[in-house]
Amino acid sequence: MEMQVNDVDGNFTQVVLIGRLDTPGVGRIETRFLAAVVPCGKPAIVDLSQVDFIASLGLRMLLSAARSLARKELKLALYAPQDLVNQVFEGVSLHEIVPVRPDETSAIAAVRPQ
Amino acid sequence: MLADHTPFRFAATSEAFERALGELNGILDGAGLDRKGRYNAAVVFEEVVTNIVRHGCGNGAEPRVEVSIEIGPEAVLFVFTDDAVAFNPCEHPEPDFFSSLISAKLGGLGISLVRKASTSMTYEQTPDARNRLTVTVAAR
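Each protein sequence line maps, in turn, to chains A and B.
Residues in the first sequence are numbered from 1 upward in steps of one, following this note's numbering.
Residues in the second sequence are numbered from 1001 upward in steps of one, following this note's numbering.
The set of hints was computed from the structure by calculation and includes no laboratory data.
Please note that a few of the clues may not be correct.
[Claimed, not checked] Pairs of lysine-lysine residues, derived as PhoX-like cross-links and limited to a Cα-Cα distance of at most 20 Å, are as follows:
{"#": "1", "chain 1": "A", "residue 1": "K75", "chain 2": "B", "residue 2": "K1116"}
{"#": "2", "chain 1": "B", "residue 1": "K1105", "chain 2": "B", "residue 2": "K1116"}
{"#": "3", "chain 1": "A", "residue 1": "K42", "chain 2": "A", "residue 2": "K75"}
{"#": "4", "chain 1": "A", "residue 1": "K42", "chain 2": "A", "residue 2": "K72"}
{"#": "5", "chain 1": "A", "residue 1": "K72", "chain 2": "B", "residue 2": "K1105"}
{"#": "6", "chain 1": "B", "residue 1": "K1105", "chain 2": "B", "residue 2": "K1036"}
Every value quoted in this text rests on a predicted model; they were computed, and no experiment measured them.
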């Protein structure tokens, strides 16, 4: 599991995740992921287009980040999940509390402060 | 054609689990499953064994896990046997997770994912007091 962190226009944090969000994968990046997303004081978008597997610990990692940002009245959106990853999201109704969008543009729109 | 693989036997540690996961992925890659079947089989293995590793050490001793896999044209049959703390996931209620983000429960998703990825799940305690969980996953 790898991750890349970008700053989008100085207003958003973008994290690109690459690989498998299985137990070992989460173990490798969770601390860095949360450190990249939570303390910045900006909304965040997470690119899942290159994530080909997610299990419960991966869901927990994403939810933890979203919840920590929500406590600061900031949003996190996920975007471009592969079909089987999105199937997992739908199975637990994740979209009801975390925006899941098809692309970067709509993800930014979902987290932009009103 | 039914493929019956040599059971995995390993200690319920993170390191051993990661090695077993690598072996499993190799088996699944060569099994001729469709993408969804392969994905669901990986979810079942990951979630059941992770649960044992994370929660199974009740008396401090490291549990031992044995996983047998049979791969057929229609289904993958897993049998997980372990000597961890007695736990029947079939009796674990389906949680109501996501009423709001702030109050969202971060744990307990694993069993729910296993239920969604499988076509059947049954539990028994063996005569020597081990947990035995049998899970069937549709191959396609």
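In rising order, the numbers of the hints this structure does not comply with: Violated hints: 1, 6; rest satisfied.
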